[in-house]
Amino acid sequence: MLFNEIYGNYYNAVAEILKYAVRGELTQQDIYEITDSKAFAESVLSIPGAMNSGEWPFLTEELTTPLHHEPKMPLTTLQKRWLKALLEDPRIRLFDVPAEGLEDVEPLYRPGAIVYFDQYSDGDPYEDENYVRNFRTALQAIREHRKLQVNFRGGTGRRHNWVCVPLSMEYSLKDDKFRLIVCGVEDNNIINIARIKKCALLEEYAPEEVSEISARKKKLVIELTDERNALERVMLHFSHLRKETMKLDDKTYQITLWYDKDDETELLIRVLSFGPVLKVQEPKNFIRQIRKRLEMQKRFE
Amino acid sequence: MAYSELIKDFNKIRDYMRQFYVYGFKTRDEYDAKSARSYDNERRRIESWLGDYMSFRQEPSGKVSFISVDSAEVDANPLYNAFKAKSFTANDIVLNFCILDILQPGVKLGVSEITDLIDEEYMSAFDDPKVFDEATVRNKLKEYAKAGILVSEKDGRKLVYSRSEDTVSLDDWQEAISFYSEMDPVGVIGSFLLDKMQKHPDLFSYKHHYILHALESDIICTLLDSMTDDCTSSIKVQSKRKSIVKDYEVIPFKICISTENGRGYLLAKDCNSRAFNMYRLDRIQSAEKGAFASRKAELMESAEEFTSHLWNTSAGRERTLNHLEMTLHVKRQEKHILQRLNREGKQGYVEQIGDELYRFVIDVYDATEMIPWLRTFIGRIEELKCDNPEVERVFYKDLETLYAMYLKDGGEGDAV
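As they're listed, the protein sequences go chains A and B. Its first residue numbered 0, the first sequence is counted upward by one per residue in numbering that gives the first Met the number 0. Its first residue numbered 0, the second sequence is counted upward by one per residue in numbering that gives the first Met the number 0.
Calculated from the structure, these hints are not laboratory results. Bear in mind that the values here come from a model prediction, so they are computed numbers and not experimental data. The beta carbon of each residue, even a glycine, is placed where N, CA and C say it ideally should be. Among the clues, some could well be false.
Straight-line C-alpha distance at most 27 Å; calculated BS3-like pairs for lysine-lysine [claimed, not checked]:
#  : chain 1 : residue 1 : chain 2 : residue 2
1  : A       : 71        : B       : 141
2  : B       : 141       : A       : 18
3  : B       : 139       : B       : 129
4  : A       : 83        : B       : 330
5  : A       : 246       : A       : 216
6  : A       : 297       : B       : 330
7  : A       : 260       : B       : 206
8  : B       : 206       : A       : 278
9  : A       : 297       : B       : 288
10 : A       : 260       : B       : 239
Pulled from the structure, derived: some chain B residues nowhere near chain A, Cβ distances all over 10 Å [claimed, not checked]:
#  : residue
11 : 75
12 : 111
13 : 238
14 : 341
15 : 354
Sample of chain B residues facing chain A (criterion: CB under 8 Å; computed from the structure) [claimed, not checked]:
#  : residue
16 : 127
17 : 171
18 : 174
19 : 184
20 : 193
21 : 196
22 : 202
23 : 205
24 : 257
25 : 375
26 : 401
All chains, please: the whole structure from these sequences, using the hints.
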């Protein structure tokens, strides 16, 4: 259904090249640049050749084309059905999308057809009008490079009133929560959207003057013993992090992971969840925290 | 056959990409490929599609190629590129652009007229023109009508084709598509849409973002289509040992996905058996929509009942409920532990049984599936009881091993 050349990078690249040709503006350099930006790394070895040689007869030697109109393909039924399915997702309320043009198709799937069986049960309140309003205001601030005044309750229940620069809207499927990544306030850079009481747009800022929060990545080195299918389980579990794996012998592997410093406690319990098939090798502080938990546990015996 | 970065069969590349991404420690010699040349070609293709996401490391045993992605730092799933590399013939691409150029809004034409126009208006511009017969053009028109790009209708005795009406305002959908293209199990469809739009700065980033499901998009899409139309599906499932591929005719009910590792399953009932099963999506090699499943409606309630007692996806061999109780010591300032029990404990419940003492209680199929989650409370577990003896045995045996691994020298002085 969806593995089809009409959705492919080659068709997109050729459509863009022909757009320039229809306008009478195409150059050889355009062909290479468009191919490079719209297709794959090695596509320059095939697309320009096929266009210029007449294998795909679209361009004359003068780089004009017999096509009369800039290429445009209507949406396929599959694309419309997917959009229609999204209309029934609770999070769609966050986006002010029109349903026009989708009346004549069935949704690709219905609510309940997809289940996230270990998703946390205290996800964001997508039905709450104040939540939706705050989400949209924050997203507008990111889009328009505007500062934001945010009145919210912190994790400990304390009230805060910040003026900050919102950088991006982070979503976690596991938590089913949106968080606003901000800068401009010392030592704090994440605000749960559900904790915002109200927020207001402020003046524009120059994006080039805002330095992105530096990635505070830390390195974790673990040794894995491949028992009970541990290799596959661990590799999948940590596959969302940058990692490197080395095979030490038939049953032992060394895995290096890079993680966000703020997520250390979460990573600690995720490592513990695998039991003795994982042994932390560094950093020392991480090992110390595991020992602490084990010693606490031992006191109950 | 000459090398091409485009492919005809997705299954061949799927396994390579999975191994490059998930494992990333194998050298060329360790792949179970038919030939070294096949490995070289597939690696070269993936390298071309993924660019900088493909990394290399030299080890004594050889060069190791792997896909390295911190998915919190990418704004678009790079694995979707594999679905944008379908091969095609010169006739396919020529007909695509000529037909859509001819069938502008309001134009309705039959196959003969379209064939003539391609010849007269388009191919005549070239010295050595391609010649298309009516049958070739008709096949492409039918294919596009089936995909919904064109509409066919009778004009008297003649079948005429026109461009489908498209009134969806994609610009108004852009941010939603950008979000769902990453978060939806068939988000690759959104990625196709984004490719046709002006690129805007990305407003979203993602945490706990597993991108590997992208490689199962085609399978999931077919299964969802079968579910929506209450049809059966014919699936080919690879065995655990990879040596056998079995065919099943199933009634599909749900796509079940873990947010903790990204792995997906199909909840379905085998038409030839009484039980519901979970089929791992990464072991399904192909799926085809079958006939209308008349029994689906009556089985839906049983499917819901089945899933309501699962911890993850296993019902255990006996398919009976296990009763589990975990007593935790939770200090007054540790409210987050109680929050965790409530939000992660699924159908279980928590009761206070003493000062700083809480009991988590649950009845669940195959409580051994809970062991990894139970371990996350190490440090606070006063007692663990389960009527499935395997749970206590494995939990406490592993705990002893952990003590030996980390505390055998008595721990560090500042460990507590």
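Now for the hints, and whether the structure bears them out:
At roughly 19 Å between alpha-carbon atoms, residue 71 of chain A and residue 141 of chain B fall within 27 Å of each other, so this suggested pair holds. Restraint check: the Cα-Cα separation between residue 141 of chain B and residue 18 of chain A comes to about 26 Å, which is no more than 27 Å; the hinted pair holds. The hinted pair formed by residue 139 of chain B and residue 129 of chain B meets the criterion: a straight-line CA distance of about 16 Å does not exceed 27 Å. With a C-alpha separation of about 48 Å, the suggested pairing of residue 83 of chain A with residue 330 of chain B is violated against the 27 Å cut-off.
Distance hint between residue 246 of chain A and residue 216 of chain A is fulfilled; the C-alpha atoms sit about 24 Å from each other, no more than 27 Å. Proposed proximity of residue 297 of chain A and residue 330 of chain B is supported: the alpha carbons are some 17 Å apart, at most 27 Å. Proximity of residue 260 of chain A to residue 206 of chain B is assessed by CA-CA distance (about 14 Å); at most 27 Å being required, the pair is judged to hold. Restraint check for residue 206 of chain B and residue 278 of chain A: satisfied, since their Cα atoms lie roughly 25 Å apart, inside the 27 Å limit.
Restraint check for residue 297 of chain A and residue 288 of chain B: the C-alpha separation of about 55 Å exceeds 27 Å, so the hint is violated. Restraint check: the Cα-Cα separation between residue 260 of chain A and residue 239 of chain B comes to about 37 Å, which exceeds 27 Å; the hinted pair is violated. Separation of residue 75 of chain B from chain A is adequate, the least Cβ-Cβ distance of about 13 Å exceeding the 10 Å criterion. With a closest Cβ-Cβ approach of about 20 Å to chain A, residue 111 of chain B is found to remain outside the 10 Å limit, as its non-interface label requires.
The Cβ of residue 238 of chain B sits about 14 Å from the closest Cβ of chain A, beyond the 10 Å cut-off, so the non-interface label holds. Not every C-beta of chain A lies more than 10 Å from that of residue 341 of chain B, the closest at about 7 Å, which undercuts listing it as non-interface. With a least beta-carbon separation of about 16 Å from chain A, residue 354 of chain B lies farther than 10 Å from that chain, consistent with its non-interface assignment. At about 7 Å, the closest approach between the beta carbon of residue 127 of chain B and any beta carbon in chain A falls short of 8 Å, and the interface hint on this residue holds.
A least Cβ separation of about 5 Å between residue 171 of chain B and chain A falls short of the 8 Å threshold, and the interface hint therefore holds. About 6 Å separates the beta-carbon of residue 174 of chain B from the nearest beta-carbon of chain A, less than 8 Å, and the hint is met. Interface restraint check: residue 184 of chain B against chain A, minimum CB-CB distance 6 Å, threshold 8 Å, status holds. Proximity of residue 193 of chain B to chain A is violated relative to the hint, the smallest CB-CB distance being about 11 Å (cut-off 8 Å).
Interface restraint check for residue 196 of chain B: the shortest CB-CB distance to chain A comes to about 11 Å, outside 8 Å, so the restraint is violated. Because the smallest distance between the Cβ of residue 202 of chain B and any Cβ of chain A comes to about 5 Å, under 8 Å, the interface hint for this residue holds. At its closest, the beta carbon of residue 205 of chain B sits 6 Å from a beta carbon of chain A; the interface hint therefore holds under the 8 Å criterion. Annotation: residue 257 of chain B was flagged as interfacial toward chain A, and the flag holds, the nearest CB pair being 5 Å apart, inside 8 Å.
Annotation: interface hint on residue 375 of chain B holds; nearest CB of chain A at approximately 4 Å, less than 8 Å. Of the supplied interface hints, the one on residue 401 of chain B holds, with its beta-carbon coming within about 5 Å of a beta-carbon of chain A, less than 8 Å.
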